[in-house]
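Student: Here is what each chain is made of, one letter per residue.
Number of protein chains: 2
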Amino acid sequence: MAASLPETQRAVCFHPPAYDIRVESVPIPRIVHPDDAIVKINLAGLCGSDLHIYRGHEGVSEVAICGHELVGEVVALGASFSADAIDRPELYSTLKIGDKVVSPFTVSCGECQFCRLGATCRCVHSTLFGIPVLPGGQAQYARIPKAGGTLYSLSSLQSHSYSGRTIDISSITDSSLILLADILPTGVFAALQVLQHPKLSPMLTGTPYPSSSFLPYSHAPLKAQASTPLQSSDRLLSIAVIGLGPVGVCATVALLDMLASLAKDRGLRFQVIAIDLVESRRRKMEAVYATIDKDGKGSGQFRVATVDEGVDLVREWTGGTGCNAIVEVVGNASALRLAYQLVRPFGVISSVGVHQEPPIPFTGREVYDKNVSFDFGRCPVRATFPLALDILLKRQDVFGGAGKEADLIDRVVRLDDAPEWYRVFDKGECGKVLFDPWLR
Amino acid sequence: MAASLPETQRAVCFHPPAYDIRVESVPIPRIVHPDDAIVKINLAGLCGSDLHIYRGHEGVSEVAICGHELVGEVVALGASFSADAIDRPELYSTLKIGDKVVSPFTVSCGECQFCRLGATCRCVHSTLFGIPVLPGGQAQYARIPKAGGTLYSLSSLQSHSYSGRTIDISSITDSSLILLADILPTGVFAALQVLQHPKLSPMLTGTPYPSSSFLPYSHAPLKAQASTPLQSSDRLLSIAVIGLGPVGVCATVALLDMLASLAKDRGLRFQVIAIDLVESRRRKMEAVYATIDKDGKGSGQFRVATVDEGVDLVREWTGGTGCNAIVEVVGNASALRLAYQLVRPFGVISSVGVHQEPPIPFTGREVYDKNVSFDFGRCPVRATFPLALDILLKRQDVFGGAGKEADLIDRVVRLDDAPEWYRVFDKGECGKVLFDPWLR
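If you read the protein sequences in the order shown, they are chains A and B.
Quick note on the numbering used here: the first sequence kicks off at 1 and runs consecutively.
Quick note on the numbering used here: the second sequence kicks off at 1 and runs consecutively.
So here's chain A without its partners, still in its complex pose:
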């Protein structure tokens, strides 16, 4: 099944070894496997991790079509897409030409054991878009492998309701939907890893660790010979977010939204400190926070801080004890050291920063003596889509395009101007940029 497509398209091409971006005419991708879909791209994102390749840090030695964030429409489907594909991921039997779709930044088949279990980031077919073996989304068209597992269809959804307020999903803009490709699910995952961790269960449940509602097995408890009971001050959850790039901002908004619900439903209180070295990022976070509805902020305290201010504020707000949890969205050793410094004993560090070769900067004694828990690694984006879309819809005050200062998207630009925008973005002189491949 395919609409009639032209022969060539414009695409943003990386030429090795580094700092060489050219917009070129290349063949339009075709279905090469029955599970493929071809997507006509409405918008493609320029992401911080594109810069790893741009700067030559990934050792990419062949020409590659860049980009791993895309939203678009299906224009061709392989032979696997059929009403008969009933023992396969749902979209193999339901996806249609013309459907609006978003793709995670990696392929996930939806059929291997990792995908079935929701660990879609570890799919055995996982491949990052935007490298030589898998051309990316900064183009007019892209081929999506394992498309019935990889893609998420917006066309199959009509609306979603939040306490009386109904959101029409077709009204959500492409520049909002593209946040689903990477940064919003990664932020949601970062926040979720913290709030799901059993070490935080006493604050959520009001019962001491190991909270019986978190026990995995049926159990007739013996008398605890209790400590003094939890006080309301014990249920004040203190969380720091380290790193306020786009993912950090998404993580903060998601965290605040979840905490606002928890505070309402379960009676805990919270304080969140969002930390970054860079002034423009802190200003963006401030502006974003200002746009959040009361419902999404909840009744907690919130502060944006430099590293030094953050250290002082954590000391002041927690009486020197430290935060219950840290969300680390930077991905280097100094961010991990700061996380360790700020976390309280028996606390949790959720690290979604993309760490590189340097060793994890802790001694065995440090992690033992502080009872630290760590969750490292990549977001299972595809599995996190339903949750991320939920927050995207609910928090359109932020993610719907909140006006210049607070907008997570700095600007939408022409694909042909990609070389210039890579330069500007690399220098940190602009925020998140989207390419509209049809803008002339």
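If a hint is listed, it holds; no wrong ones were tucked in.
Note that identical chains are pooled: a pair holds if it fits in a single copy or bridges any two copies.
Straight-line distance between alpha carbons at most 27 Å, and here's what the computed BS3-like set of lysine-lysine pairs gives:
| hint | residue 1 | residue 2 |
| --- | --- | --- |
| 1 | K96 | K223 |
| 2 | K297 | K223 |
| 3 | K223 | K40 |
| 4 | K264 | K297 |
| 5 | K264 | K223 |
In short, the hints are calculated from the structure, not lab data.
Just so we're clear, the structure is a prediction, and the values are computed from it rather than from any experiment.
For this one, chain A is given, so just place chain B on it according to the hints.
Tutor: Relative to the frame of chain A, chain B by itself:
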């Protein structure tokens, strides 16, 4: 309140710098703070971590009464113990002279925020027994600070029932109860950290990550556009235990007991591989396993293995994918490397081994690329007592003294022979030794 006590007692004393243990006459401890209790010791344990001091690795530079595992009877109570102490931990108003008690290896006050939250290992008053500032339990009497928070009373408990079978708690021997001081709660905690971790929720719940039953907040999920459904083979939980010293054996027995319940109640299946370098430890684990009732083994597979056999078996049993989780009970870099090698992507490492100065032996890229979660640190023993006692009672087949080969306690010896038993234990020529301070 105090029974009349003699003036001096026999005690096992460490003399710095190393390898110098003497059994000496020392003053019997007295109440020095209203929260103190004096316990007449029935049995005291010799633990692997006593060897850190013995070998001079802890830099202890003064004479110290050794030992941090004790079970005994209350012979004196400070003025804080009173029916009026109603706003304090329960035992301040209920503990009586003559009560049978067990003490965790560290003080925990039961009143600071860490204790209220169940993180008793991080009590602000935490002090290890058996160091110069806090004389230990290898003696005839010991002073227990913050005793209303620290101690656990067995006398206040009568019996506990398991599907029709009722266990009389007064019938449990001291050499069984002393397992509560350290090794059994630590093993239970190690197992619990694995089974409570949200990354294992798909195997427990049969729904993909992020399982909605593990979501901390109320949420109207959007359509998942599902992967293919979980297969029964996806719910085969594979767990390796690394290190089969007494804590490792306890962790394995606790894990099997919890898994047996989960298999019965929730329909998952499991396979457990218990790994150690040392043949005598592997033999002990085999013998212990042979004593476990069908009810505590469940229907899972179990194998004891050397490191090489373990690596092969994990490959074979998991089709090369690796274990869902690892319980690490050794506390050095090579055990952590083995844990990393054996864990599957998106897996969990619960590390209760006591790690020292060497760095955590992973690069940032390794932990990111494998999505590894780690839980490090000391067991909150006091908070884990009710769960550990539950398993102690339920698994008297193992913990009640299972006969020579399978017994977790190698022998009960005279306190006066401590210098010799430290030497033998240090050389690895005996298993766990208990001192009976009244044996002549």
